[in-house]
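Protein sequence lines correspond, in order, to chains Z and D.
Residue numbers for the first sequence, in the working numbering: 58 to 381.
Residue numbers for the second sequence, in the working numbering: 58 to 381.
Hints are supplied without guarantee of correctness; some may be wrong.
For chains that are exact copies, the list does not tell them apart, and a pair is met inside one copy or across any two.
List time: in silico DSSO-like cross-link candidates among lysine-lysine, alpha-carbon distance up to 30 Å [stated by the list, open to error]:
1) 348 to 123
2) 86 to 359
3) 86 to 367
4) 314 to 86
5) 348 to 359
6) 253 to 123
7) 314 to 123
8) 314 to 367
9) 229 to 359
10) 253 to 367
11) 229 to 367
12) 86 to 253
13) 86 to 348
14) 229 to 86
15) 103 to 253
Rather than coming from a laboratory, the hints here were simulated on the basis of the structure.
There are 2 protein chains.
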Amino acid sequence: MSRVNQLLSLVADDMPYVDEKMRSGLPEKHQDLRAVVDYLVGAGGKRIRPALTIMAARMRPVEAEKLHSLAAAVELLHTASLVHDDLIDNSLFRRGMPTLNVSWSPAATILMGDFLFARSAQLAAETDNIRIVNIFAATLMTIVGGELNQLFNDGHSRVPTVDEYHERIYAKTASLFAAGTEMGSILSGAPEEEIKTQRDFGYYLGMAFQIIDDILDFRGDEEHIGKPVANDLRQGIATLPVMLFNQQQPDHPTILKAVRREGVSDDEIHEIVDRIRASGSVEMAMETAVKFARQAQDALNKLPGNLYTKAIHGLIEYTISRDI
Amino acid sequence: MSRVNQLLSLVADDMPYVDEKMRSGLPEKHQDLRAVVDYLVGAGGKRIRPALTIMAARMRPVEAEKLHSLAAAVELLHTASLVHDDLIDNSLFRRGMPTLNVSWSPAATILMGDFLFARSAQLAAETDNIRIVNIFAATLMTIVGGELNQLFNDGHSRVPTVDEYHERIYAKTASLFAAGTEMGSILSGAPEEEIKTQRDFGYYLGMAFQIIDDILDFRGDEEHIGKPVANDLRQGIATLPVMLFNQQQPDHPTILKAVRREGVSDDEIHEIVDRIRASGSVEMAMETAVKFARQAQDALNKLPGNLYTKAIHGLIEYTISRDI
């Protein structure tokens with residue numbers, strides 16, 4: 058059993074309830090809408106965000122019904138933002154299945170996303186905890202703000218800085234990880250210090266998680282990963298290895314062409330990927346990820362030890378050692 | 058001073074605070090975002106939703122800061138849904154000013170709407186009242202659900218029924234009117250019976266308001282109204298006068314062509330508008346609006362009488378007698 062499965066097995070009893078919550082509360086008559094939600098919920102994903110939310114809450118006794126609503130709210134918020142993202146990026150596949158925008162009009166896809174945002178807010182409100190709702194809404198603002206930022210920077214002529222990268226992956230990933238662990242901890246009635254530690258833990262784990270995800274784009278062969286190497290860079294998105302390479306060899310023409318979205322050929326991509334790999338930038342990026350992961354572990358060590366923290370330590374070791 | 062201005066003068070002291078709330082809470086660094094919010098808030102609109110929310114709350118002493126947050130949340134929710142609507146409908150003007158989608162890409166417009174939704178939810182949470190947040194989220198679901206419904210019915214071959222029309226205008230307009238008065242009343246700590254009456258009042262007023270808005274599309278000459286007559290029907294949207302006409306003379310070929318979006322000529326539109334007017338359907342639609350308005354007044358009469366209820370009675374008389 059993999060480390061992730063080991064971790065998820067601890068919340069396995071909760072997950073069917075979380076899924077049920079995600080599918081619930083839809084108007085009877087909207088059959089199309091119900092079909093779409095079934096499709097999105099059924100398409101799965103790793104459910105790491107609700108799992109972390111549940112584990113943060115289960116440090117102490119917590120009302121299961123509210124916890125499942127909160128975990129469902131977190132995953133549905135994530136799902137809703139992916140629905141709009143895929144439309145904006147014109148992505149055709151997500152988790153190996155066709156995206157909504159493949160079969161639905163832009164209008165329907167926009168409204169589906171809006172509906173899921175609304176439903177996720179309603180689920181968050183089911184916790185009966187206004188502080189949780191506040192964090193929930195603020196996190197959505199952070200996520201969307203990050204995307205707007207990226208959009209407005211598109212077509213800028215320079216390679217973003219490492220600081221800008223950190224801001225971006227915070228908005229994209231770490232903000233919801235951190236919100237999930239923080240909200241779970243609040244729901245359980247944890248003392249303020251523990252809530253803060255849980256938030257820190259979620260934040261550091263999310264940062265490590267996203268950096269590793271970005272590194273994967275530069276490692277392995279194309280057949281292994283199942284998508285073309287340096288897919289991000291092909292789309293004009295510079296990630297940490299690119300930035301670290303850019304610090305060594307500023308303004309390589311291929312990278313500039315890529316971030317300016319002027320179109321780079323397959324040959325150019327392969328050549329620059331070879332250069333980036335040879336420069337040691339991928340390993341340096343991995344060191345940054347490990348640093349965040351260790352900070353996550355430090356936070357974890359401040360929490361009461363139990364099966365959950367043990368499993369999360371396992372997850373972190375796994376995260377660091379992902380097949381890269 | 059018009060009846061609307063008379064009404065709005067009662068909340069005039071509050072409105073600058075509401076506007077300020079609408080502009081607040083935006084990340085410092087997102088200059089584009091701030092500019093857009095300034096533009097949307099500055100573009101104005103009648104602010105009838107926040108005005109009703111405030112008046113419902115002011116039946117008794119209420120914390121001003123929270124009330125302004127709530128009123129701003131209501132107006133921002135409305136604004137956010139218009140941002141997505143205008144993109145979906147490819148509308149170029151709103152309140153006499155270019156829409157966002159004229160100057161921004163679809164991607165930026167989608168994200169702007171999402172951001173405003175998130176901010177509106179955060180403002181609703183500032184009331185510190187979870188029941189209000191619940192109603193707020195449910196109302197967003199109703200609004201978006203109504204739009205999805207309309208979208209899925211597009212291209213259907215028949216003229217919608219009067220019941221379907223009522224459902225649609227509830228989702229589009231009356232749901233937020235009702236939510237505004239209900240939430241305002243809850244915030245003020247009103248007894249349950251009064252909260253229900255306030256909700257009923259908002260509902261009936263919203264229904265009347267939307268029917269009259271739809272009727273205006275059939276009255277007056279084009280120069281007077283400032284947009285082409287039967288603009289809704291040109292876009293394939295059947296409103297109450299069309300449905301009432303359809304009950305008298307089912308399946309007129311021009312109307313079928315219009316709702317099937319097969320394209321109708323200017324001559325065909327003018328001919329069918331003349332027929333609808335001559336049939337008395339516009340007057341019948343007005344009778345329905347007046348019935349809703351009278352129900353709003355009945356609800357109002359159950360509330361403690363004060364300057365606000367008096368002004369609202371004035372508004373209703375005005376609404377009924379709008380220049381049509």
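Hint check results:
1. With identical chains, the CA atoms of residue 348 and residue 123 are never at most 30 Å apart, being 34 Å at best within one copy and 43 Å at best between copies.
2. For a Cα distance limit of 30 Å, the shortest separation of residue 86 from residue 359 qualifies neither inside one copy, at 49 Å, nor across copies, at 34 Å.
3. Proximity of residue 86 to residue 367 under the C-alpha cut-off of 30 Å is found in neither arrangement, the shortest distances being 45 Å within a copy and 40 Å between copies.
4. Taking the shortest alpha-carbon separations for residue 314 and residue 86, only the inter-copy value of 27 Å comes in at or below 30 Å, while the best intra-copy value is 50 Å.
5. Only within a single protomer do residue 348 and residue 359 lie at most 30 Å apart by alpha-carbon distance; the minimum there is 17 Å, versus 65 Å between protomers.
6. For the homomeric pair residue 253 and residue 123, the shortest alpha-carbon distances inside one copy (21 Å) and between copies (27 Å) are both at most 30 Å.
7. Taking CA atoms no more than 30 Å apart as the test, residue 314 paired with residue 123 passes in neither setting, with 49 Å inside one copy and 50 Å between copies.
8. In this assembly of identical chains, the alpha carbons of residue 314 and residue 367 never lie at most 30 Å apart, being 46 Å within a copy and 66 Å across copies at closest.
9. When the C-alpha separation of residue 229 and residue 359 is checked against a cutoff of 30 Å, the pair qualifies only within one copy, where the shortest distance is 26 Å, while the shortest distance between copies is 50 Å.
10. For the homomeric pair residue 253 and residue 367, the shortest alpha-carbon distance inside one copy (19 Å) is at most 30 Å, but the shortest distance between copies (51 Å) is not.
11. In this homomeric assembly, residue 229 and residue 367 come within 30 Å of each other (Cα to Cα) only inside a single copy, at 27 Å, whereas the closest approach across copies is 51 Å.
12. In this homomeric assembly, residue 86 and residue 253 come within 30 Å of each other (Cα to Cα) only across copies, at 26 Å, whereas the closest approach inside a single copy is 43 Å.
13. Only between protomers do residue 86 and residue 348 lie at most 30 Å apart by alpha-carbon distance; the minimum there is 28 Å, versus 50 Å within a single protomer.
14. With identical chains, the CA atoms of residue 229 and residue 86 are at most 30 Å apart between copies only, with a shortest distance of 17 Å across copies and 34 Å within one.
15. Proximity of residue 103 to residue 253 under the C-alpha cut-off of 30 Å is restricted to the intra-copy arrangement: shortest distance 25 Å within a copy versus 44 Å between copies.
Hint violations for this structure: numbers 1, 2, 3, 7, 8, all remaining hints satisfied.
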